[in-house]
Structures are given as C-alpha cells and as structure tokens.
Amino acid sequence: MNRNNQDKKIEDSVISIRELQKSFGEHDVLKGIDLDLHKGENLVVMGRSGSGKSVLIKIIAGLILADSGTVKVFDKDINRINHKDLTELRLKIGFLFQGNALYDSMTIRENLEFPLIRNKRTIPVDEIDKAVQDVLKAVGLPDSAEKYPEELSGGQQKRIGIARTLILKPEIIFYDEPTAGLDPITSGEMNDLMNDVRHQFNTSSIIITHDLTCAKAVGDRIFMLIDGKFVRQGDFEEVFDTGDERIRAFYDYNFIQ
Amino acid sequence: MDPTTNQSASYFISKGIDQFFSGVYAIGKFILRFFKEVFLPPYEFKEVIRQCYMIGYRSLPLISVTGFIVGVVFTDHSRSALASFGAESWIPATAGVAIVKALAPLITALICAGKIGSQIGAELGSMKVTEQIDAMEVSAVNPFKFLVITRTIATTFMIPMLVFYSALVGLIGSFINIRMVDQTSLTTFIHNAFTNIGFMEVASTITRSIVFGFTIGIISCFQGYNAGKGTEGVGKAANASVVLAMFLIFIEEITIVKFFVNDAIK
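Same order as they appear, the protein sequences are chains A and B. The first sequence runs 1 to 257 under the working numbering. The second sequence runs 1001 to 1266 under the working numbering.
Hints in this document: simulated from the structure, not taken from any laboratory. The structure displayed is predicted, hence computed values, not measured ones. Where is the CB? At the ideal position from N, CA and C, for every residue including glycine. Among the hints, erroneous ones may be present.
What follows is a list of derived Cβ distance ranges for each label pair [unchecked claim]:
| hint | chain 1 | residue 1 | chain 2 | residue 2 | range |
| --- | --- | --- | --- | --- | --- |
| 1 | B | D1018 | A | N82 | 30 to 40 Å |
| 2 | B | F1260 | A | F24 | 38 to 48 Å |
| 3 | B | G1230 | A | V125 | 17 to 27 Å |
| 4 | B | L1032 | A | F74 | 26 to 36 Å |
| 5 | A | L65 | B | T1255 | 31 to 41 Å |
| 6 | A | F24 | B | F1259 | 37 to 47 Å |
| 7 | B | G1228 | A | I123 | 54 to 64 Å |
| 8 | B | G1023 | A | S105 | 24 to 34 Å |
With a straight-line cut-off of 30 Å between C-alpha atoms, the simulated DSS-like cross-links for lysine-lysine are [to be verified]:
| hint | chain 1 | residue 1 | chain 2 | residue 2 |
| --- | --- | --- | --- | --- |
| 9 | B | K1145 | A | K84 |
| 10 | A | K92 | B | K1036 |
| 11 | A | K84 | B | K1029 |
All chains should be built: construct the whole structure from the sequences, respecting the hints.
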C-alpha cells in the first residue's frame, strides 16, 4: 500500500521548513533543518531519544518557538503568525502525543467532544453525537464512549488519541512515537490504523518514531535526524542501504531487538 | 577569607535576586493576562459552575469543622481573660468581632490555600507534565481560559462565601460554648455579638476575602501552569502553590488592615 504511494506524483507542500534552528541553553538541538511535507504524504522522522524529533513537530505545531529559520504551514509562517490565524491553522492540525495526553478527568465522549464544542459553539447535539460515533468507529472502539481513559489499555488510549485528532477533520497529523510502549501485534494494528486514517481522511502526516517496523509500514519517505541535522533521507531501503555506522547501528540494534 | 567562597556566595545572592525578580515579573505577566482575557469571549460558564462546586461545596466539611473549633476555642480562651476583669458579659461581643473581622477570613483563607491551592497546583501541574495543556492548545482551545480563568473566578467567588459560612459556624460554636457555662439566650447572644459589627466591618471582611480568593486561585494556577518536568515538578507546583499563597495572604492581610481598613473605620 505504501510502496504504491511512493510513486504517487508529489503535489504541493503543506509544510515547508528552511534552516530551522533551536537550542535549549547551551545544547543545540536542531542545527539547520530543511523539510517539505507534501499533500497526502506520510513522512517519518527517525533518530535516537533526545535527538530533537519531538521538538521539531512541537515547533511546527506552534508549541515551541524556533530560534531561527522559517516554518511554513499552508504557506503561513508559524513564527510570525498572529494568535487568531494560529488558532485557525491549528484546526487543520491533529497531534497524537507520546503519552496520549487524554484528559483523565473526562470520559472518552467528553474527551472527543471537548475540541469540537469549543471550536464549533453552535453545533447541534445530534451532530456532536454522530461525530463522536464516527471517529470511534474509525479507530475501532465504538463502545468506549462512556469509559474513562484509565479503563483502557495503552493501545486503546492511543486509538482514542487519534480519534480526538480526527474529530476536527485535520489535514495534517503529527504522531509522536505512536507505537512506543506497545507490543508487536498492537504496534502492527496501530500502523494499519495510521494508514487507514491517511486514506479515509486524506491526511498528510509526520510520524516521529525510532521503531523501524513502524517506519517501514507507514512511511513514504524517511528522514534520519542525527546530531541536529538530517543526515539521510529517502525511502526505507535508500536510507538504510548505507555504510554510515550511525545509521547502520540504529538498524542493526532495532532488528536484533 | 577564601576568595572562592566569597565569589560563589555573591554568585548565589545575585542568582537568588535574579530568580526573585524573574518570578515577580512572570506572576505579574500571568495576572495581566488574566485581566486581558477574563472579559473576552468565549466564556466557560459551565466549567466555572463546576469549579465553584469543587472548590466551594467540597470544602464545606473542612470549613465546618475548623470554623466550629475556632469559635469554641476562642470563646474558651477569652472567657478566662475577661473573667479576671469581671467582664464575662463581653464574651459574645468579643467573639463576634474577632470571628467576623479577623479569624474567619484569615483562617478560612489559610485552610483554603492549603486544600484548594494544593489541589489546583497539583491538577494543573500534572496536566502540564502529561501534555494535556499542550493537547488543548493544539486542538485550538485556549487552555488559559478553560483552566486558569475558570478556577480563579471560582476561588474569587467561593472564598468570600466560605468565609461567611465559617463565621456563622464559628459563632454557633461560640454560642454553644457560652450556653454550656451560663444561661445566655440565643437572642441576647446575637444582639451582643453583632453590637460592634457594622457596615465597614462586613465590607472589610468581604474585600479581604475576595482578595484572598483571587490570590489562592491565580497563584495555584500559575504554579501548576508553569510546573517543571516529572512528578517532582507536580510536587513542587503543589507545594509552591500553598506556600506562596499563604505568604501572600499574610502580606495582604496586614496591608489591607493597616493601611485601608483602620483608616476607613477611623
């Protein structure tokens, strides 16, 4: 399925990043990143823990300010945008956090309704119910609406996290370590779900992971982030067909594990 | 003297001063943001009501117990002091003024700073640490409005109500104590207890309670909203909420009483 998508003609960029730099104190995390995410594409960013992968998507989502460089989302510079435009832009962005970030004092229904009610204040109750049921069906958990997040397994919580992003019908989704902490079977189901979401909701995605199986299953292009820079990019075979020890070690370790 | 020790001492002093003023600046900015956003739509009425229930109604058992004990104990202590002057009949008036003017606002505020401040600080802190606040932000919801403004409005409204409830329970405690010793009637007790309580006394209590309520809400929200990483960050946020709110309540109490209330009563 993904191999076919690789041959798809690249259309316009929905995200365009040039010379992005970010430091925390003395520590330079991102040292001049260039990246384009094309419409309908699944782009995987890989790298070791602490390499700045999550920082990258948080900068794109406007949660962290970049030190320098440009980050354009739908042609709007995220560092120079006003608050109203940023809010409008965020309606087109979904974000699955590493720890799911479900509101633990709310039921699953309330979690899903929360962004919908607050962004579409006049939406009728029956439309809210339908939207909740639709996204729950899409993630394969139609009967979980009245449960609390703590009553669900890790994999189910990830699915609800995806459902919460889908309820606003985003055009771009960021997945931060979507398979972290999941067993291989649940990870496989999560990979299938990410591919289904892409086709069903016509989304473009950036997937942050260090799980090679996930990268291979969902990624059209893979970017390898090492020491704050993308050192290699391309499809799975291209990226790992290299003599670069830093990338080979990553590959060998992942598959031996 | 060791020059190295001197250097490090001056370094820590300057760092401490720097941190203090950065903290004051950050809290000032946070309060300014509150007043900028509180009047702007969208309004979260349902959440304000929910918070009023959580903050007000759920604090009633604790406030009832402490208010009653304060009333009983204060009356007991003042009896022995007033008895030495043969002025036991002044006990209701003394208790009335002390409870309504001083004890109820201060003790209720301090108890609420402990109970509600730590609750808000820990709740927002854990939401920050588990990225729930970021999740609100990326789904185009203003977390400041939903979390900070609602809780601060709720504490600002509910603390004055809890103060008056505490004063009422305290006076009941005081009456029961007096009644157990002599045969003062309820009518006499009420008449004597409220003899020296006028409009200015009530206004002063309301004003201070509103200030205390706002302080508890905004400080605990600030600490939780800016919590550090991990469980340690949540613990520190809860602790700092209580300590800073209590400290500020004392400062506000002495400032309002010394510079505003006394002048107004004179």
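Now the hints, each set against the structure:
Separated by about 32 Å at the C-beta atoms, D1018(B) and N82(A) satisfy the suggested range of 30 to 40 Å. Hint check: F1260(B) to F24(A), Cβ distance near 45 Å, so the stated range 38 to 48 Å holds. Checked against the hint of 17 to 27 Å, the C-beta distance between G1230(B) and V125(A) comes to roughly 40 Å, which is inconsistent with it. Between L1032(B) and F74(A), the C-beta spacing of about 32 Å keeps the proposed range 26 to 36 Å intact.
Under the hint 31 to 41 Å, the C-beta atoms of L65(A) and T1255(B), about 38 Å apart, fit the expected range. A C-beta distance of roughly 44 Å is found between F24(A) and F1259(B), which places it inside the suggested range of 37 to 47 Å. Taking 54 to 64 Å as the suggested C-beta distance range, the pair G1228(B) and I123(A) does not conform, at roughly 37 Å. Between G1023(B) and S105(A), the C-beta spacing of about 29 Å keeps the proposed range 24 to 34 Å intact.
A C-alpha spacing of about 15 Å is found between K1145(B) and K84(A), which places the hinted pair at or below 30 Å, so the restraint holds. Straight-line distance between C-alpha atoms of K92(A) and K1036(B) comes to about 27 Å, which keeps the hinted pair within the 30 Å bound. A threshold of 30 Å between alpha carbons decides the hint, and for K84(A) with K1029(B) the separation of about 20 Å falls inside it, so the pair holds.
Violation of the numbered hints given earlier is confined to hints 3, 7; the remaining hints are satisfied by the structure.
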